[in-house]
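A.B. asks: Chain A is already provided as a structure; the job is to place chains B and C on it using the hints.
The lines below spell out each chain.
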Amino acid sequence: MEIKVLFMIIIYSVLIQNFVLSRFLGLCPFFGCSQRISSAIGMGCAITFVMALASAITWIVYTYLLDPATSIVGFFTEGNGAPDLRFLRTISFILVIAVLVQFIEMFLQKKVPSLYRALGIFLPLMATNCAILGVAVLNVEGFTAIGIHTKLTFIQSVTQGVAGGAGFLLILILMAGLREKMELVTIPESMKGVPIACVTGGLMALAFMGFSGLSF
Amino acid sequence: MQRTLVQEVTKGITIENPVFRLLLGLCPSLAVTTSLINGLGMGVAATFVLICSNGMLSLIRGIIPPKIRIPIYIIVIATFVSIMEMMMEVYTPALHKALGIFVPLIAVNCIIFARAEIFAGKNGVGRSMLDGLGAGLGFTLSLAILAGIREILGDGKLLGYPVMGQSYEPILLMILPAGGFFILGFLVAALKLYDLRAEAKKSVLLASNP
Amino acid sequence: MLNIAKMGLVLGAFCVAAALALGGTYEMTKDKIAIQRENVMKEALSGVLPEAKKIIDDTIDGKTYYKGYATEDATGEPIGYAIIAEGVGYSSTIRTLVGLTPEGIINKMNIIYQLETPGLGTKAVEIRYGEEDPWFQRQFLNLPGDSVAVDKDGGQIVSISGSTITARAIASSIKRETEWLKAQGVIKPGTK
Chain A
1 MEIKVLFMII IYSVLIQNFV LSRFLGLCPF FGCSQRISSA IGMGCAITFV MALASAITWI
61 VYTYLLDPAT SIVGFFTEGN GAPDLRFLRT ISFILVIAVL VQFIEMFLQK KVPSLYRALG
121 IFLPLMATNC AILGVAVLNV EGFTAIGIHT KLTFIQSVTQ GVAGGAGFLL ILILMAGLRE
181 KMELVTIPES MKGVPIACVT GGLMALAFMG FSGLSF
Chain B
1001 MQRTLVQEVT KGITIENPVF RLLLGLCPSL AVTTSLINGL GMGVAATFVL ICSNGMLSLI
1061 RGIIPPKIRI PIYIIVIATF VSIMEMMMEV YTPALHKALG IFVPLIAVNC IIFARAEIFA
1121 GKNGVGRSML DGLGAGLGFT LSLAILAGIR EILGDGKLLG YPVMGQSYEP ILLMILPAGG
1181 FFILGFLVAA LKLYDLRAEA KKSVLLASNP
Chain C
2001 MLNIAKMGLV LGAFCVAAAL ALGGTYEMTK DKIAIQRENV MKEALSGVLP EAKKIIDDTI
2061 DGKTYYKGYA TEDATGEPIG YAIIAEGVGY SSTIRTLVGL TPEGIINKMN IIYQLETPGL
2121 GTKAVEIRYG EEDPWFQRQF LNLPGDSVAV DKDGGQIVSI SGSTITARAI ASSIKRETEW
2181 LKAQGVIKPG TK
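Protein chains in written order, with this note's numbering: chain A, 1 to 216; chain B, 1001 to 1210; chain C, 2001 to 2192.
Among these hints, one or two may not hold up.
Below, simulated SDA-like cross-link-like pairs (lysine to any residue); rule was C-alpha separation at most 20 Å, straight line [claimed, not checked]:
1) K2063(C) to T150(A)
2) K1067(B) to F103(A)
3) K2108(C) to R2138(C)
4) K2032(C) to P1093(B)
5) K192(A) to K1192(B)
6) K1067(B) to R2095(C)
7) K1067(B) to I2004(C)
8) K2042(C) to T1092(B)
9) K151(A) to G2062(C)
10) K1201(B) to S190(A)
11) K151(A) to I1101(B)
12) K2054(C) to N2110(C)
13) K2063(C) to I148(A)
14) K181(A) to L65(A)
15) K1067(B) to A98(A)
16) K151(A) to R2095(C)
17) K192(A) to Y1194(B)
18) K2152(C) to D2133(C)
19) K1067(B) to L123(A)
20) K181(A) to M191(A)
21) K1067(B) to N2003(C)
By construction, these hints were calculated from the structure, which means they are not laboratory data.
Extracted from the complex, chain A is given alone in its bound form:
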């Protein structure tokens, strides 16, 4: 059962409810980093990595600090229960993500300079990327499309983070491939740049709608 749920989360996050084309999360890198396949791969990998890590850490913060049902604060109040801190969700998630991104940047710079040079310029943009805060919020809100109306489990959250990032990577690479080809085509002056990228994105979204009938 658990495996089936994980599988469905992956299929939904990558294909059916793709983060970019169906949920409209992370459109800035979708338009900004899709000129070249190489930079698309770099950005996509960086996003996948941060999304997976952010899913894990925000889940822990939410479960053990904010949610009164499972909060460890309850141990210190002598049975009076933990305070409901869920209203701090947005601010704590965004701070955790900002700190995480900063740490990853410092760690890579010191330990893996080659990876840092490859991902480096994309990392600072990550703190305010809506796909990352988006996946963190989605994790604690459940996955209504497959009938999970409560918070996801830890494994499910990380799976959604990785799969969402993989879906992102897929779309970025496809888009970059199309845009590299499009440079060779004559396009009316007014359609150049973002407009044609929008129309291409729309056609891709239409194609991805075909996945929505997948059922298990």
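C.D. replies: Positioned in the frame of chain A, the structure of chains B and C alone reads:
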């Protein structure tokens, strides 16, 4: 050249329109614009946050060490977003539900960061709030245009009232994600075409009477 | 070093201020939000059990259903039951709140969550021009809940053209939940 106070507001709607000119805040612009009421709600919510955060950040710009200004921007903006979210849940629960995760995601809206970094960190409180109001109105107007077109074409309605008559068969594509991309693309292209025409006219005028 | 400490202090002060501001707002709004959330479910329940004066929830084997009573103090036999039926549709899990009479006849129903394809699956909640209620859901009313099925499965519900999966998901989830209530002895068909 110092802008007048009115220009401080109008620049956000016209020359520095966040969605159509600066291409910021595209995620909510496409995600919530399936109906006009959602688009307007999102616009008003973001405007509230923009005015508050711009005002607050301008007020405290003297005491923030420049090195840590970004984390402080994040904290201030996220605080106002959370306050606004709680207010929304109390007073407009239906809208809060319809906008879903895009309410907390206002906290990572690039428009708000851009206004904080470009404007509020360097200008007085009054001007910063007017700048926030302008950018917010520009965002709201853009969302209203996108949402209005999508709702009329895709649903045959406007604000829930049928406007296209009974025999109109809605173009479903328009309220699907794909339609959002198409409409945005064509609107940006139309604006660019207008600019190109205006520029061509200007250069013709310049050439004829130097 | 002093600089770092100063920056840390400023940052910490901002965090404390933010937490205080949020905590204050939360204290002011939390009761209203709780009432608001309760009202949503209450409204949905009284929508499907219109005659009930008092509705209380009950669980069997960890599954929740709702009992509607004719009097404010919930005495006597319930005059109706409500349960949430979940079915996997085309692109989402559809949740339907069904109100049943004690004999298991569908009294009212309300689709409370769906994310089906706009224009196809969403016809399940479509209200036709000039009408009051969704035409698809109207077909279920006054039918025994444990016998509903779409026409393609030999039932009496006219399916939504192009969206059989959605229609089938709704019908079969209602059938399943009614049968469950019957198996638990909550509703007793044929007693009237």
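A.B. asks: Decide, hint by hint, whether the structure agrees.
C.D. replies: Here is how each hint holds up against the structure:
For the proposed pair K2063(C) and T150(A), the alpha carbon gap of about 15 Å is at most 20 Å, so the pair holds. For the hint pairing K1067(B) with F103(A), the CA-to-CA distance comes to about 16 Å; that is within 20 Å, so the pair holds. Annotation: proposed proximity of K2108(C) to R2138(C) holds, straight-line Cα distance about 8 Å (limit 20 Å). A threshold of 20 Å between alpha carbons decides the hint, and for K2032(C) with P1093(B) the separation of about 11 Å falls inside it, so the pair holds.
Distance hint between K192(A) and K1192(B) is fulfilled; the C-alpha atoms sit about 9 Å from each other, no more than 20 Å. For a cut-off of 20 Å, the pair hint linking K1067(B) to R2095(C) is broken: about 50 Å separates their Cα positions. In summary, the hint linking K1067(B) to I2004(C) is supported, as the alpha carbons are separated by about 10 Å, within the 20 Å threshold. This hinted pair checks out: K2042(C) and T1092(B) have alpha carbons roughly 17 Å apart, not beyond 20 Å.
Our distance criterion of 20 Å between C-alpha atoms is met by K151(A) and G2062(C), whose separation comes to about 18 Å. Straight-line distance between C-alpha atoms of K1201(B) and S190(A) comes to about 16 Å, which keeps the hinted pair within the 20 Å bound. Only pairs whose Cα atoms come within 20 Å are accepted, and K151(A) paired with I1101(B) is accepted, the gap being roughly 14 Å. Distance check on the hinted pair: K2054(C) and N2110(C) sit about 19 Å apart at the alpha-carbon level, within 20 Å; holds.
A distance of roughly 15 Å separates the Cα atoms of K2063(C) and I148(A); the hinted pair therefore holds under the 20 Å criterion. As the CA atoms of K181(A) and L65(A) are separated by approximately 49 Å, the hinted pair breaks the 20 Å bound. The suggested pairing of K1067(B) with A98(A) holds, with an alpha-carbon distance near 15 Å, which does not exceed 20 Å. Proximity of K151(A) to R2095(C) is assessed by CA-CA distance (about 18 Å); at most 20 Å being required, the pair is judged to hold.
With a C-alpha separation of about 14 Å, the suggested pairing of K192(A) with Y1194(B) holds against the 20 Å cut-off. A distance of roughly 24 Å separates the Cα atoms of K2152(C) and D2133(C); the hinted pair therefore is violated under the 20 Å criterion. Distance hint between K1067(B) and L123(A) is fulfilled; the C-alpha atoms sit about 18 Å from each other, no more than 20 Å. For the hint pairing K181(A) with M191(A), the CA-to-CA distance comes to about 15 Å; that is within 20 Å, so the pair holds.
The hinted pair formed by K1067(B) and N2003(C) meets the criterion: a straight-line CA distance of about 10 Å does not exceed 20 Å.
Taken one by one, the earlier hints fail for this structure at numbers 6, 14 and 18, listed in ascending order.
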